[in-house]
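Residue numbers (the working numbering), protein chains in the order written: chain S, 2 to 474; chain L, -3 to 288.
If you're looking for bench data, these hints aren't it; they were derived computationally from the structure.
In this text, all values refer to a predicted model and were calculated from it rather than measured experimentally.
Positions of the beta carbon are idealized from the N, C-alpha and C atoms, including for glycine.
Incorrect hints may have been included.
[Said to hold, decoys possible] Straight line, CA to CA, 30 Å or less: simulated DSS-like cross-link-like pairs of lysine-lysine:
{"#": "1", "chain 1": "L", "residue 1": "Lys194", "chain 2": "S", "residue 2": "Lys111"}
{"#": "2", "chain 1": "S", "residue 1": "Lys403", "chain 2": "S", "residue 2": "Lys388"}
{"#": "3", "chain 1": "L", "residue 1": "Lys224", "chain 2": "S", "residue 2": "Lys111"}
{"#": "4", "chain 1": "L", "residue 1": "Lys288", "chain 2": "S", "residue 2": "Lys317"}
{"#": "5", "chain 1": "S", "residue 1": "Lys403", "chain 2": "L", "residue 2": "Lys224"}
{"#": "6", "chain 1": "S", "residue 1": "Lys111", "chain 2": "L", "residue 2": "Lys128"}
{"#": "7", "chain 1": "S", "residue 1": "Lys111", "chain 2": "L", "residue 2": "Lys191"}
{"#": "8", "chain 1": "L", "residue 1": "Lys194", "chain 2": "L", "residue 2": "Lys44"}
{"#": "9", "chain 1": "L", "residue 1": "Lys246", "chain 2": "L", "residue 2": "Lys224"}
{"#": "10", "chain 1": "L", "residue 1": "Lys143", "chain 2": "L", "residue 2": "Lys128"}
{"#": "11", "chain 1": "S", "residue 1": "Lys403", "chain 2": "L", "residue 2": "Lys288"}
{"#": "12", "chain 1": "S", "residue 1": "Lys93", "chain 2": "S", "residue 2": "Lys317"}
{"#": "13", "chain 1": "L", "residue 1": "Lys191", "chain 2": "S", "residue 2": "Lys317"}
{"#": "14", "chain 1": "L", "residue 1": "Lys244", "chain 2": "S", "residue 2": "Lys114"}
{"#": "15", "chain 1": "L", "residue 1": "Lys187", "chain 2": "S", "residue 2": "Lys270"}
{"#": "16", "chain 1": "S", "residue 1": "Lys317", "chain 2": "L", "residue 2": "Lys187"}
{"#": "17", "chain 1": "S", "residue 1": "Lys403", "chain 2": "L", "residue 2": "Lys264"}
{"#": "18", "chain 1": "S", "residue 1": "Lys333", "chain 2": "S", "residue 2": "Lys403"}
{"#": "19", "chain 1": "S", "residue 1": "Lys270", "chain 2": "L", "residue 2": "Lys224"}
{"#": "20", "chain 1": "L", "residue 1": "Lys117", "chain 2": "S", "residue 2": "Lys111"}
{"#": "21", "chain 1": "S", "residue 1": "Lys114", "chain 2": "L", "residue 2": "Lys264"}
{"#": "22", "chain 1": "L", "residue 1": "Lys264", "chain 2": "S", "residue 2": "Lys317"}
[Stated by the list, open to error] Derived DEER-like restraints, expressed as beta-carbon distance ranges:
{"#": "23", "chain 1": "L", "residue 1": "Ile35", "chain 2": "S", "residue 2": "Met75", "range": "35 to 45 Å"}
{"#": "24", "chain 1": "S", "residue 1": "Lys114", "chain 2": "L", "residue 2": "Ala113", "range": "22 to 32 Å"}
{"#": "25", "chain 1": "L", "residue 1": "Asp219", "chain 2": "S", "residue 2": "Pro155", "range": "33 to 43 Å"}
{"#": "26", "chain 1": "L", "residue 1": "Glu102", "chain 2": "S", "residue 2": "Val370", "range": "33 to 43 Å"}
{"#": "27", "chain 1": "S", "residue 1": "Gln90", "chain 2": "L", "residue 2": "Thr252", "range": "35 to 45 Å"}
{"#": "28", "chain 1": "L", "residue 1": "Glu102", "chain 2": "S", "residue 2": "Leu397", "range": "50 to 60 Å"}
{"#": "29", "chain 1": "S", "residue 1": "Tyr87", "chain 2": "L", "residue 2": "Arg251", "range": "23 to 33 Å"}
{"#": "30", "chain 1": "L", "residue 1": "Val177", "chain 2": "S", "residue 2": "Ala359", "range": "54 to 64 Å"}
{"#": "31", "chain 1": "S", "residue 1": "Ala279", "chain 2": "L", "residue 2": "Ala113", "range": "36 to 46 Å"}
{"#": "32", "chain 1": "S", "residue 1": "Ile205", "chain 2": "L", "residue 2": "Arg251", "range": "36 to 46 Å"}
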Amino acid sequence: MFFTKLRHTRPIGISMISLLFATAVYAQEEPALPAGLSSSPPQEEQPALPSGFETTPFSSEAAGAETESKKAWMDITGFWEVRSGYRLQNDKYEKDASIGETRLQLEMEKIWKDFTFRATTDLYYDWLDWNHSVDLERGEGFLDLREASVAFSPTDFVDLKLGRQILTWGTGDLIFINDLFPKDWQSFFIGRDTEYLKAPSDAIKASFFTDLANVDVVYTPRFDSDRFITGDRVSYWNGRRTAGADAIVRTDKQDDWFGDDEWALRISKNVGGYELAAYGYLGYWKSPGGFNTSTSKYTFPKLNVYGASARGQVGKGIGNVEMGYYDSRDDKSGDEPYVDNSQMRYLIGYEQDLPEIAPDFTVGLQYYVEQTLNYSDYRRALPAGNKAVDQYRHLLTFRITKLYWNQNLTCSLFTYFSPSDKDVYMRPNINYKVNDNLAMEVGANVFWGDYPHTFFGQFEDNTNIYTAIRYSF
Amino acid sequence: MTKRISLTILMWLLSLGNYTTADSAIANAADVNVPKAKILSVDEIVNKTNHVAYYQGFDGRSNVKMTITDSQGRQRIRELTILRWDSPDPNRPKKEQRKDSDFCGEQKIYAFFNRPADVYKTVFMVWKHLDKDDDRWMYLPALDLVKRISATDKRTSFVGTHFFYEDVSGRNINDDVHELVKTTKDYYVLKNTPKDPKLVEFAYFEMWIHRESFIVVKTDYYDNQNKKYRSYEALEMKRIQGYPTVTKAKMTDLRTNGNTIAEYSNIKYDIGIPNSIFTERYLRKPARRYLK
């Protein structure tokens, strides 16, 4: 044996070297045990007591207590931003500047017993607006109260939320059929953050959660209309010509508490990841849907809406369908010339991320149809000189989103395109998060159309570009 | 003097001899005592590791602080609270179902964002499935919008960190072929090769699994050129309610030199979070009772 060993000195030497080398590599590769894990030699495998752990199980809980003690009496968050934008062309009826404002949003939350009180106030100064008196209903002046609510659960299966609040439901992406909560189209078109598309409701929301289905009821004791286009900031088609600040839309809005109220209902159920819902609404056209010839004011005729939606995983993406019957109560037969006709609205959509093409890349596609009912009666009753809407308004939307630089740079483009109206509305946006607090944004609202009276075409002269800087805290 | 030294040497030699004897005796005893079942199959190692990483207790909660550092040293912070619910083992009797078991079924995850300020109160919810794509939702509080999110891209950054969605919620163990490369004193070293390489960016990944606790201490991802480009390390571990738990971990992108450190605190297991928390109701109304 000794002899054999001697004879193999060289190979052994080599294998010793390679072994040493391997050990060195091995030692480099094998991770050192992290804090809390210790090496467990075989003899220590026997005891039942936890071995291999140096720290006590309670040390992490102490760290948690520390975070809790830091909690303030009231939770205040928010942001401060400056936003400025210009029209890219001359608009006969509007200023060149489309937006110019600085805004401080404070969101305050206080939990007291089982109640959650919340207030979100936007203090802002708009250097384009000559009117600085506060109108909480329209969000004008220097104060826009976005939320002032109290929420609680009287029983296990009921949630109540009372007061001013932002409400959203439905499945569309920037298309709304059964969501008849107020929208702020002016904010949307002039380049405010998308969150301002939703205007607040003064309402009571009651939600009931049962095994059979969930039911949400929203009661708005006094009609909350959209913050619609008035001509004040955005020029529009007034039925006969393009108009703007020279012809501000005057409305006759019903405003009796509990008399001119709205009811919105949703019954929903999640069946294995597929969200099904049925909706009902009793109220009024949210943007002017009528005209009073004797007062020359626009009106908000009665409207009921009944609809349904479904959303869930389809193939590799998310699919959604939604429809709604708009029952124009003041124009049952469709021959009332100054009240909008009843409609059917249909939507089908699909969204998917495409890792095959690029990471953090998502595309969405929607197809929407608005069908005017009793169309021949509508055409017959249409006042001479007024442009008629098509019986079917077809609308496609495309959304492309791509994130760069560890998701700190977001580039997105949302496009509405109507082949029937021959008009387009594009919303490109680039948002860069400089750090956890500071964000910068550039975007545009591009309107284009063959005709001056179509839904998006009428806004052609409002095409604008904007930039913003926001500090969140 | 010489005598004394030689005595010392003798004693030392003796003790050494004793030590050797004792050591080998214990080693022998251990060999004898280790039942055959202790030698685990690869599948058993994979299952145990998966269980320790994602399924301990029948539910759990944790605060997570993620510090993202880019190649230039700039830092960003993400702070969130995560709640987890495991579907009970259908083969167990009802009484036993709310106890920890080896069962690794479907899960529900609820993540509430505290920081940065612009995503405060945003909630991200996942229903994790084993046989189909996960269902994902996002709640955006400013719009009161419950958004459905497409979930095909699992190997994309989780909220801008160097962790992927799949690192946070767990990669399906059936998506890879597992191979035990070696067993060291402390580790099982597993090589995992994807069954469908087109779906992932790695050629294979190697896991160093702590033999006693089944905690993954290190994972290295290799590309087609056999080059390591991404690395996970567990930096700190604690035993919480008896469960071995990683409380600090780091993911490094070796190509860009950026990394994210995740720190877990306020960890609790077996709380009794109801299944109903993982619904639209608690997206709109934060599940405060379990977030505290």
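Hint by hint, here is what the structure shows:
{"no.": "1", "hint": "Lys194(L) / Lys111(S)", "in the structure": "violated (50 Å)"}
{"no.": "2", "hint": "Lys403(S) / Lys388(S)", "in the structure": "violated (40 Å)"}
{"no.": "3", "hint": "Lys224(L) / Lys111(S)", "in the structure": "violated (49 Å)"}
{"no.": "4", "hint": "Lys288(L) / Lys317(S)", "in the structure": "violated (36 Å)"}
{"no.": "5", "hint": "Lys403(S) / Lys224(L)", "in the structure": "holds (27 Å)"}
{"no.": "6", "hint": "Lys111(S) / Lys128(L)", "in the structure": "violated (41 Å)"}
{"no.": "7", "hint": "Lys111(S) / Lys191(L)", "in the structure": "violated (51 Å)"}
{"no.": "8", "hint": "Lys194(L) / Lys44(L)", "in the structure": "holds (27 Å)"}
{"no.": "9", "hint": "Lys246(L) / Lys224(L)", "in the structure": "holds (16 Å)"}
{"no.": "10", "hint": "Lys143(L) / Lys128(L)", "in the structure": "holds (20 Å)"}
{"no.": "11", "hint": "Lys403(S) / Lys288(L)", "in the structure": "violated (35 Å)"}
{"no.": "12", "hint": "Lys93(S) / Lys317(S)", "in the structure": "violated (48 Å)"}
{"no.": "13", "hint": "Lys191(L) / Lys317(S)", "in the structure": "holds (19 Å)"}
{"no.": "14", "hint": "Lys244(L) / Lys114(S)", "in the structure": "violated (35 Å)"}
{"no.": "15", "hint": "Lys187(L) / Lys270(S)", "in the structure": "violated (43 Å)"}
{"no.": "16", "hint": "Lys317(S) / Lys187(L)", "in the structure": "holds (29 Å)"}
{"no.": "17", "hint": "Lys403(S) / Lys264(L)", "in the structure": "violated (37 Å)"}
{"no.": "18", "hint": "Lys333(S) / Lys403(S)", "in the structure": "violated (46 Å)"}
{"no.": "19", "hint": "Lys270(S) / Lys224(L)", "in the structure": "violated (47 Å)"}
{"no.": "20", "hint": "Lys117(L) / Lys111(S)", "in the structure": "holds (14 Å)"}
{"no.": "21", "hint": "Lys114(S) / Lys264(L)", "in the structure": "holds (24 Å)"}
{"no.": "22", "hint": "Lys264(L) / Lys317(S)", "in the structure": "violated (35 Å)"}
{"no.": "23", "hint": "Ile35(L) / Met75(S): 35 to 45 Å", "in the structure": "violated (59 Å)"}
{"no.": "24", "hint": "Lys114(S) / Ala113(L): 22 to 32 Å", "in the structure": "holds (27 Å)"}
{"no.": "25", "hint": "Asp219(L) / Pro155(S): 33 to 43 Å", "in the structure": "violated (58 Å)"}
{"no.": "26", "hint": "Glu102(L) / Val370(S): 33 to 43 Å", "in the structure": "holds (38 Å)"}
{"no.": "27", "hint": "Gln90(S) / Thr252(L): 35 to 45 Å", "in the structure": "holds (43 Å)"}
{"no.": "28", "hint": "Glu102(L) / Leu397(S): 50 to 60 Å", "in the structure": "violated (37 Å)"}
{"no.": "29", "hint": "Tyr87(S) / Arg251(L): 23 to 33 Å", "in the structure": "violated (41 Å)"}
{"no.": "30", "hint": "Val177(L) / Ala359(S): 54 to 64 Å", "in the structure": "violated (34 Å)"}
{"no.": "31", "hint": "Ala279(S) / Ala113(L): 36 to 46 Å", "in the structure": "holds (37 Å)"}
{"no.": "32", "hint": "Ile205(S) / Arg251(L): 36 to 46 Å", "in the structure": "violated (55 Å)"}
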